[in-house]
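Chains F and Z are the protein sequences, given in the same order.
Note that this note's numbering gives residue 32 to position 32 of the first sequence, counting from 1, and the numbers run on in steps of one.
Note that this note's numbering gives residue 79 to position 79 of the second sequence, counting from 1, and the numbers run on in steps of one.
By construction, these hints were calculated from the structure, which means they are not laboratory data.
Among the clues, some could well be false.
[As the list claims (entries may be wrong)] Calculated cross-link-like contacts (lysine-lysine; reagent style DSS-like; alpha-carbon spacing at most 27 Å):
id: 1; chain 1: Z; residue 1: 304; chain 2: Z; residue 2: 209
id: 2; chain 1: Z; residue 1: 58; chain 2: Z; residue 2: 209
id: 3; chain 1: F; residue 1: 158; chain 2: Z; residue 2: 334
id: 4; chain 1: Z; residue 1: 169; chain 2: Z; residue 2: 334
id: 5; chain 1: Z; residue 1: 169; chain 2: Z; residue 2: 295
id: 6; chain 1: Z; residue 1: 58; chain 2: Z; residue 2: 93
id: 7; chain 1: Z; residue 1: 93; chain 2: F; residue 2: 157
id: 8; chain 1: Z; residue 1: 93; chain 2: Z; residue 2: 209
id: 9; chain 1: Z; residue 1: 295; chain 2: F; residue 2: 158
id: 10; chain 1: F; residue 1: 157; chain 2: Z; residue 2: 58
id: 11; chain 1: Z; residue 1: 334; chain 2: Z; residue 2: 209
[As the list claims (entries may be wrong)] If you want the footprint, here are the derived chain F segments under chain Z, 3+ residues with CB under 8 Å:
id: 12; region: 1-8
id: 13; region: 36-44
id: 14; region: 97-111
id: 15; region: 128-136
These numbers come from a predicted model, not from an experiment.
Glycine included, C-beta positions come from ideal geometry on N, C-alpha and C.
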Amino acid sequence: MIGFLDSLLVTVRTALRRPVTAQYPDPSKRQPVAEGFMGFPALTWDEDVREPYCTGCMVCVRDCPTQCMSAVMDDNPKHAEGASRRRKIVREFEINLGRCILCGICVDVCNFDAIEMSHEHELSKYERNGNRVDLTRLLEMGRAYQRETGWGPSQPKKNSGVPVEKPAGEREKSAGGAAGR
Amino acid sequence: MQFQQQPAQQADSLDLMVNMGPQHPSTHGVFRLVIWIDGERIVRAEPHIGYLHRGSEKLCEGEQYGQIITLFDRLDYVSNLNCELAFCLTVEKLMGLEVPDRASCIRVVLCELNRIASHMLFYGVFGLDAGAMTPILYGFRERERVQSLFERVTGARMMHNYIRVGGVKEDLPSDFAERLGELTALLRAGIDECDELLTNNELFLSRTKGVGAIGGSEGVDYGLSGPSLRAAGVAEDVRVSEPYSIYDRFDYGIPVGTYGDCFDRYYVRMEEMRQSLRIVDQAMEQMEPGPVSAKVRRIARPPKGEAYLRTESPRGDFGVYLVSDGSDKPYRVKVRAPSFANLQALQRLLRGAYVADAVVILGSIDIVLGEVDR
Numbered sequence: 001m002i003g004f005l006d007s008l009l010v011t012v013r014t015a016l017r018r019p020v021t022a023q024y025p026d027p028s029k030r031q032p033v034a035e036g037f038m039g040f041p042a043l044t045w046d047e048d049v050r051e052p053y054c055t056g057c058m059v060c061v062r063d064c065p066t067q068c069m070s071a072v073m074d075d076n077p078k079h080a081e082g083a084s085r086r087r088k089i090v091r092e093f094e095i096n097l098g099r100c101i102l103c104g105i106c107v108d109v110c111n112f113d114a115i116e117m118s119h120e121h122e123l124s125k126y127e128r129n130g131n132r133v134d135l136t137r138l139l140e141m142g143r144a145y146q147r148e149t150g151w152g153p154s155q156p157k158k159n160s161g162v163p164v165e166k167p168a169g170e171r172e173k174s175a176g177g178a179a180g181r
Numbered sequence: 001m002q003f004q005q006q007p008a009q010q011a012d013s014l015d016l017m018v019n020m021g022p023q024h025p026s027t028h029g030v031f032r033l034v035i036w037i038d039g040e041r042i043v044r045a046e047p048h049i050g051y052l053h054r055g056s057e058k059l060c061e062g063e064q065y066g067q068i069i070t071l072f073d074r075l076d077y078v079s080n081l082n083c084e085l086a087f088c089l090t091v092e093k094l095m096g097l098e099v100p101d102r103a104s105c106i107r108v109v110l111c112e113l114n115r116i117a118s119h120m121l122f123y124g125v126f127g128l129d130a131g132a133m134t135p136i137l138y139g140f141r142e143r144e145r146v147q148s149l150f151e152r153v154t155g156a157r158m159m160h161n162y163i164r165v166g167g168v169k170e171d172l173p174s175d176f177a178e179r180l181g182e183l184t185a186l187l188r189a190g191i192d193e194c195d196e197l198l199t200n201n202e203l204f205l206s207r208t209k210g211v212g213a214i215g216g217s218e219g220v221d222y223g224l225s226g227p228s229l230r231a232a233g234v235a236e237d238v239r240v241s242e243p244y245s246i247y248d249r250f251d252y253g254i255p256v257g258t259y260g261d262c263f264d265r266y267y268v269r270m271e272e273m274r275q276s277l278r279i280v281d282q283a284m285e286q287m288e289p290g291p292v293s294a295k296v297r298r299i300a301r302p303p304k305g306e307a308y309l310r311t312e313s314p315r316g317d318f319g320v321y322l323v324s325d326g327s328d329k330p331y332r333v334k335v336r337a338p339s340f341a342n343l344q345a346l347q348r349l350l351r352g353a354y355v356a357d358a359v360v361i362l363g364s365i366d367i368v369l370g371e372v373d374r
């Protein structure tokens with residue numbers, strides 16, 4: 001009997017405190033995600049030259065354990081104009097977020113700081129294929145993430161697209177393509 | 001040689017066959033249990049597994065070592081980090097890698113926290129199995145706290161992919177020690193509160209004491225391991241008997257039961273959580289600044305050979321057997337899953353028990369179907 005009352009006491013004590021849980025879609029009660037939270041992968045945007053960091057090198061596509069993404073590489077017209085250091089640029093990029101397992105391997109293998117795990121994490125969509133996101137949407141997600149966290153590339157010197165003036169005679173080392181590796 | 005189907009121990013035709021599962025809410029996943037009952041007593045029980053079979057071991061053969069960690073996350077999905085640790089340690093053993101001290105400490109801290117989170121889930125669902133609705137709310141509250149810390153450290157609440165071959169993914173956040181201090185204080189109080197809520201409850205005691213008892217030597221014969229075996233009085237813990245990682249450095253106790261019944265299996269786990277907290281504190285004390293990963297190539301290529309390593313997962317003896325052919329993908333991966341081995345004792349435990357106790361007994365051996373079926 002004593003043990004029974006003992007456990008009842010715990011219950012009574014609980015009745016007096018505030019609830020731990022909250023109703024889910026209530027925006028005011030949403031828990032903020034942690035700083036290092038890994039949501040869906042998103043592509044980052046290089047504001048200096050107004051183009052994505054991604055060069056479409058496909059290393060993330062190859063290393064993805066679930067093969068949830070695809071990419072197409074293109075020549076960068078801005079490089080020809082001399083406006084960007086990136087020789088190659090991504091033309092198409094698609095991630096099937098329904099297939100993505102949020103492991104973060106794509107971020108680890110990326111050489112160009114082009115892909116980041118954003119804070120986006122809600123999977124429910126109205127359309128059947130709503131989780132297949134294309135380049136535009138991925139860049140939107142990435143920009144939202146960059147704004148939110150003040151993200152900067154981990155290797156700004158190597159991966160920035162801003163053309164650098166080199167002394168004459170020295171070969172320009174460009175980011176993008178094989179030279180960036 | 002011909003394989004003959006074993007003659008079913010069919011008792012008389014009056015026995016009633018009852019299907020429990022695969023969609024039964026208290027089978028802890030998709031698990032089917034067929035029991036034959038004679039009145040209130042169980043005459044025979046037959047577990048049917050395989051509903052969650054994903055072919056993980058075969059899938060491992062087609063993935064690189066770094067990618068396999070994501071598959072191991074999903075074996076025992078209640079204590080992901082312990083599975084990751086087992087795999088990474090085996091690869092490191094095969095490669096002869098020396099893991100930096102800080103990385104080992106981080107691994108131990110997180111794995112022990114994961115053990116607590118796992119046992120807290122056990123606590124909740126075991127209460128539910130025994131007919132108490134409240135414990136699950138308390139258990140999940142504590143588990144939630146641990147997971148919030150994991151989210152901060154690893155970026156994910158469950159499928160972390162944080163422990164890597166040669167170390168861990170990244171260093172701890174700067175405020176980790178502070179947050180861990182808060183967490184352990186909360187957990188200490190939380191474990192005591194959970195203990196108070198359920199352990200001395202007469203109703204709970206009468207549901208669990210003397211139910212589903214198994215002796216130590218019989219438990220060993222059945223291949224039980226982990227808390228289920230220790231509850232039967234066998235002080236066998238891989239962390240002590242075959243220390244891996246840096247577990248030989250810590251001072252902690254191995255809780256051992258006496259009767260091997262459901263209550264002992266429950267209480268051993270409650271005590272284990274307290275011991276885990278002791279390990280966490282000691283590992284935090286021993287943690288020195290330094291690198292968190294050994295120098296390894298991005299794509300690990302262990303030399304030709306094989307390795308087997310046992311670790312103590314929250315459910316028992318979790319072993320990984322790895323054969324490498326020198327390429328970036330393993331030739332064979334075999335997992336010795338503690339839940340699978342522990343499940344073998346279920347037939348024996350259920351025979352002669354009341355049908356109402358079937359769920360309690362199943363709950364007390366704490367299986368995770370992701371690990372049983374793989």
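Violated hints - listed by number, lowest first: 1, 2, 3, 7, 8, 10, 11 and 15
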